[in-house]
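Engineer: The chain contents come next:
2 protein chains.
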Amino acid sequence: MADDKKLTPRATDFSAWYNELVLRAELADYSPVRGCMVIRPNGYGIWERMQRALDDMFKATGHVNAYFPLFIPESYLHKEAQHVEGFAPETAVVTHGGGKQLEEPLVVRPTSETIIYSMFAKWVQSYRDLPLLYNQWANVVRWEMRTRLFLRTMEFLWQEGHTAHATHDEAEAEARQMLGVYRDFMEGWMAMPVVTGQKTESEKFAGALRTYACEAMMQDGKALQAGTSHNLGQNFAKAFELKFQSESGTIEHAWNTSWGVSTRMIGGLVMTHGDDNGMVTPPLLAPIEVVIIPIWRKDEDRAQVFEAADRLRGRLRDWERREPARLRVHVDLREGMTPGAKYYEWETRGVPLRLELGPRDIASNQCVLVRRDTRAKQTVSLDTIGEDIEETLEKMQTDLLSAARDRMDKNSYRGDITYDRFKEIMDAGGFVYAGWNGDPKVEAQVKEETKATIRVIPDEEFRSADAPTRCMVTGEPAKHEVVWARAY
Amino acid sequence: MADDKKLTPRATDFSAWYNELVLRAELADYSPVRGCMVIRPNGYGIWERMQRALDDMFKATGHVNAYFPLFIPESYLHKEAQHVEGFAPETAVVTHGGGKQLEEPLVVRPTSETIIYSMFAKWVQSYRDLPLLYNQWANVVRWEMRTRLFLRTMEFLWQEGHTAHATHDEAEAEARQMLGVYRDFMEGWMAMPVVTGQKTESEKFAGALRTYACEAMMQDGKALQAGTSHNLGQNFAKAFELKFQSESGTIEHAWNTSWGVSTRMIGGLVMTHGDDNGMVTPPLLAPIEVVIIPIWRKDEDRAQVFEAADRLRGRLRDWERREPARLRVHVDLREGMTPGAKYYEWETRGVPLRLELGPRDIASNQCVLVRRDTRAKQTVSLDTIGEDIEETLEKMQTDLLSAARDRMDKNSYRGDITYDRFKEIMDAGGFVYAGWNGDPKVEAQVKEETKATIRVIPDEEFRSADAPTRCMVTGEPAKHEVVWARAY
Ligand SMILES: [Zn+2]
Ligand SMILES: [Zn+2]
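Protein sequence lines correspond, in order, to chains X and C.
For the first sequence, the numbering used here begins at 33 and goes up steadily by one.
For the second sequence, the numbering used here begins at 33 and goes up steadily by one.
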């Protein structure tokens with residue numbers, strides 16, 4: 033049960049607010065294993081809804097699910113040169129099994145390119161076997177020294193898509209398509225607007241030809257990389273001899289893509305919509321959409337109110353406009369707890385709508401509906417409650433996206449910005465769209481001096497109407513417009 | 033693509049048949065890591081349907097999902113004496129992380145009682161916090177020396193339910209309830225009849241008070257333990273100080289249950305329904321229920337047949353009697369492959385229904401429907417095809433269960449059976465219901481001499497009308513009627 037101490041306000045200490053909220057809303061908890069989290073039912077329920085929505089989108093674009101081993105022979109990680117450099121330092125290694133030392137240590141997968149493409153190599157002979165459009169839902173482990181619940185944990189849950197194609201262009205189209213799927217999901221389901229674009233050479237995935245990303249702005253103006261999609265080129269195909277006979281009879285290496293999103297998105301949800309009272313879950317992802325709080329003072333009212341609440345729950349769940357996705361309704365029947373304490377707890381946990389129902393409401397065939405985000409109250413007739421709830425939920429989903437989009441726009445800076453002004457913005461939080469001469473040294477210098485990184489070279493629709501012509505740092509001609517921000 | 037060599041017949045070598053079938057039907061494959069399997073899309077699709085059905089059943093009985101860490105501190109495993117004895121010898125151990133040796137090695141979870149009940153101890157204070165009804169879907173690792181795809185692999189996928197209750201009786205009722213859920217799932221969805229009952233002391237889960245199990249009979253007469261449910265008593269609650277204040281104010285240890293089923297069930301499905309032509313998937317679990325094979329000879333027919341097949345697929349998928357669970361239909365449009373080769377491949381993969389559609393069929397508004405299990409053909413009108421498919425799928429689901437039940441009955445032996453006759457039956461395959469004096473030494477002797485074990489002390493409905501009065505081995509008075517079999 034949540035205790036009723038107030039959360040540290042966001043304005044006071046955003047980071048403390050985040051940590052307290054995640055615990056208090058019972059989204060996750062620390063475990064006895066350093067850096068590994070426990071995802072509690074209130075957090076896991078969000079993840080389940082994320083999984084279901086994404087899985088449907090993956091299948092609608094022709095992908096199938098499969099499962100590959102948790103362990104990877106250490107030698108496999110070494111077969112792609114950049115890949116091992118990127119991942120080997122942060123792996124967990126199994127050296128003993130069944131009481132004996134292993135001949136070859138096994139790495140707990142930090143990502144599965146190596147094991148998956150070695151299997152693809154076994155299954156693919158001809159162009160007729162392509163494309164392979166696979167996805168797996170799995171846990172992965174990266175040995176992080178500084179961890180934070182959801183945002184950076186040693187073990188996390190994710191999906192990793194892995195595909196093989198006959199041509200570069202097909203792989204490129206796939207990587208782009210999946211970036212679009214992620215964006216649709218983040219905006220449509222998470223109510224979290226993102227900027228999409230390409231990563232610079234120094235920020236791309238270890239082993240990729242090109243990495244694309246969705247970057248979201250948190251309420252403190254920092255960026256969260258919420259999903260990535262990689263065109264891997266033929267790097268892994270060459271390392272694992274993933275080859276096929278083409279239609280004209282030649283032997284070619286395949287072209288791969290991989291793409292992933294993780295439980296990190298739940299952290300993004302918190303920092304996009306949460307407020308000083310706790311979690312705010314977008315209705316589409318909420319494990320419970322509506323909580324009914326029966327209110328009574330006199331003992332003789334209790335039975336009547338309970339019964340009315342239960343009948344209402346039944347009616348709402350079976351409400352025909354929500355077939356087959358039933359309204360997710362919970363009645364809080366706990367005794368020995370004031371209505372106020374219950375309001376507080378459900379607010380902290382982020383349930384989108386609260387429905388207050390007392391004897392007087394029942395007598396007048398109405399109840400009070402309270403929105404979590406605006407805390408606006410409306411009295412609604414029990415005759416039209418289904419419609420009212422449905423409309424309010426839809427409105428809330430849309431409003432959350434608008435509010436987040438407005439905030440992102442307000443904290444995005446374009447046009448001529450000096451490097452000094454840039455530093456001020458980075459301290460306050462925000463995205464800066466600026467010119468860059470394309471030199472990795474400049475990128476490294478800015479990171480060193482300001483902790484900001486190039487989040488993406490933004491896709492066309494996000495670029496400024498007046499493209500910057502000069503590099504913000506050197507004044508040299510700009511090669512790209514890029515988005516700078518500090519990031520989680 | 034499946035090659036077209038015939039499978040080794042079951043009668044010749046059941047074990048070879050199984051291994052070949054799993055590979056040929058593309059259910060799973062060997063991985064580069066000894067003992068770890070790759071679950072291919074055709075197998076994983078079955079697992080996804082199993083997960084969905086079970087998850088719905090768990091939620092309908094009040095359970096919620098959560099996620100606990102993959103790694104368990106080695107010391108945790110040691111806190112419950114029987115538990116460590118059972119599991120420590122078969123663990124994989126992480127000794128290095130982030131390039132450094134760990135102070136305390138981490139065990140890759142073989143099962144999660146220890147880590148979960150240590151968290152429960154943190155969350156539970158009062159009887160008001162009970163019961164906790166949790167489930168997690170996860171991978172686990174047990175260091176097996178002799179592995180077989182699905183049946184015994186180093187890593188496997190499963191669900192593990194973990195609950196905490198205020199009383200022994202509540203925990204007992206929960207353990208029993210979940211055994212019933214498993215049985216309903218195995219019979220209702222897998223079309224696999226089971227015998228339920230209690231495990232003997234020597235066969236129970238390491239750390240449990242009592243273990244209940246579902247035992248199924250495979251086509252070779254051997255038993256498969258398909259699911260277990262444990263009343264853990266207060267063993268783990270005492271080891272992890274999982275305590276609560278009771279209504280009367282005393283401090284009590286909680287009572288736990290745990291229960292699990294795994295990807296092993298897919299092996300059970302193969303050995304229950306598979307035949308010499310390959311996999312036979314019960315319709316309710318089939319990723320594809322109906323495959324449409326367009327047939328054409330002349331090039332000018334092709335477009336017409338493709339178009340008709342595609343229209344038919346659309347009509348079947350949208351067929352209103354199957355709202356919201358769409359008929360799962362696939363059209364095999366591959367070129368350069370004969371219809372016969374396609375029939376062969378889809379039979380191997382276990383798709384329940386095949387629909388053959390050629391120019392003459394289209395002209396006469398009909399098609400040919402072929403059942404995978406009986407290979408019976410029927411010509412059906414395209415006007416009633418939805419109903420015909422639905423009825424045939426339902427009939428096939430029922431028939432598969434009846435056939436398996438008949439086989440189990442036929443190979444179950446009751447009444448006076450001498451120990452010599454028993455040995456013959458064990459060699460031929462089957463379940464023997466016999467009296468047992470309750471002595472673990474007799475159990476060990478029989479296992480040593482015949483490789484048979486007591487699968488369960490059967491629940492009442494499975495017991496013989498005339499209960500055996502004598503121990504089959506010693507002739508002493510029987511304490512229980514028990515089910516003997518060799519097992520996977
Ligand atoms: Zn090569
Ligand atoms: Zn104690």
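Errors might be hidden in some of the hints.
Identical copies carry no separate label here, and so any pair may be met within one copy or between two of them.
What the hints assert, rightly or not - Subject to a maximum C-alpha distance of 25 Å in a straight line, what follows is the list of computed PhoX-like cross-link-like pairs (lysine-lysine):
no.	residue 1	residue 2
1	K154	K38
2	K37	K154
3	K154	K374
4	K91	K374
5	K409	K442
6	K473	K270
7	K442	K374
8	K37	K427
9	K275	K483
10	K427	K455
11	K154	K442
12	K427	K132
13	K275	K132
14	K330	K38
15	K409	K154
16	K473	K236
17	K409	K254
18	K254	K483
19	K91	K330
20	K38	K374
21	K132	K483
Hints in this document: simulated from the structure, not taken from any laboratory.
Engineer: Evaluate each hint against the coordinates.
Structural biologist: Quick rundown of the hints versus the structure:
1. Proximity of K154 to K38 under the C-alpha cut-off of 25 Å is restricted to the inter-copy arrangement: shortest distance 21 Å between copies versus 57 Å within a copy.
2. Only between protomers do K37 and K154 lie at most 25 Å apart by alpha-carbon distance; the minimum there is 19 Å, versus 58 Å within a single protomer.
3. Taking CA atoms no more than 25 Å apart as the test, K154 paired with K374 passes between copies only; the shortest distance there is 22 Å, against 57 Å inside one copy.
4. For the homomeric pair K91 and K374, the shortest alpha-carbon distance between copies (23 Å) is at most 25 Å, but the shortest distance inside one copy (40 Å) is not.
5. Taking CA atoms no more than 25 Å apart as the test, K409 paired with K442 passes in neither setting, with 28 Å inside one copy and 67 Å between copies.
6. Taking the shortest alpha-carbon separations for K473 and K270, neither the intra-copy value of 30 Å nor the inter-copy value of 59 Å comes in at or below 25 Å.
7. When the C-alpha separation of K442 and K374 is checked against a cutoff of 25 Å, the pair qualifies neither within a copy, at 35 Å, nor between copies, at 59 Å.
8. For the identical chains of this complex, K37 and K427 are neighbours neither inside a copy (31 Å) nor across copies (60 Å), given an alpha-carbon limit of 25 Å.
9. Neither within a single protomer nor between protomers do K275 and K483 lie at most 25 Å apart by alpha-carbon distance, with minima of 42 Å and 47 Å respectively.
10. Proximity of K427 and K455 under a CA criterion of 25 Å is satisfied in neither setting, with 38 Å inside one chain copy and 71 Å between copies.
11. For the identical chains of this complex, K154 and K442 are neighbours neither inside a copy (52 Å) nor across copies (43 Å), given an alpha-carbon limit of 25 Å.
12. In this homomeric assembly, K427 and K132 never come within 25 Å of each other (Cα to Cα): the closest approach is 60 Å inside a single copy and 52 Å across copies.
13. In the homo-oligomer, the alpha carbons of K275 and K132 never lie at most 25 Å apart, since the shortest distance is 37 Å inside one protomer and 37 Å across protomers.
14. Neither within a single protomer nor between protomers do K330 and K38 lie at most 25 Å apart by alpha-carbon distance, with minima of 30 Å and 77 Å respectively.
15. In this homomeric assembly, K409 and K154 never come within 25 Å of each other (Cα to Cα): the closest approach is 61 Å inside a single copy and 36 Å across copies.
16. Taking the closest pair of Cα atoms, K473 and K236 come within 25 Å of each other only inside a single copy of the chain (16 Å); across copies the shortest separation is 64 Å, beyond that limit.
17. For a Cα distance limit of 25 Å, the shortest separation of K409 from K254 qualifies neither inside one copy, at 32 Å, nor across copies, at 64 Å.
18. Proximity of K254 and K483 under a CA criterion of 25 Å is satisfied intra-copy only: 11 Å inside one chain copy versus 64 Å between copies.
19. For a Cα distance limit of 25 Å, the shortest separation of K91 from K330 qualifies neither inside one copy, at 54 Å, nor across copies, at 34 Å.
20. In the homo-oligomer, the alpha carbons of K38 and K374 lie at most 25 Å apart inside one protomer (15 Å), although the nearest pairing across protomers, at 65 Å, exceeds that limit.
21. In the homo-oligomer, the alpha carbons of K132 and K483 never lie at most 25 Å apart, since the shortest distance is 45 Å inside one protomer and 27 Å across protomers.
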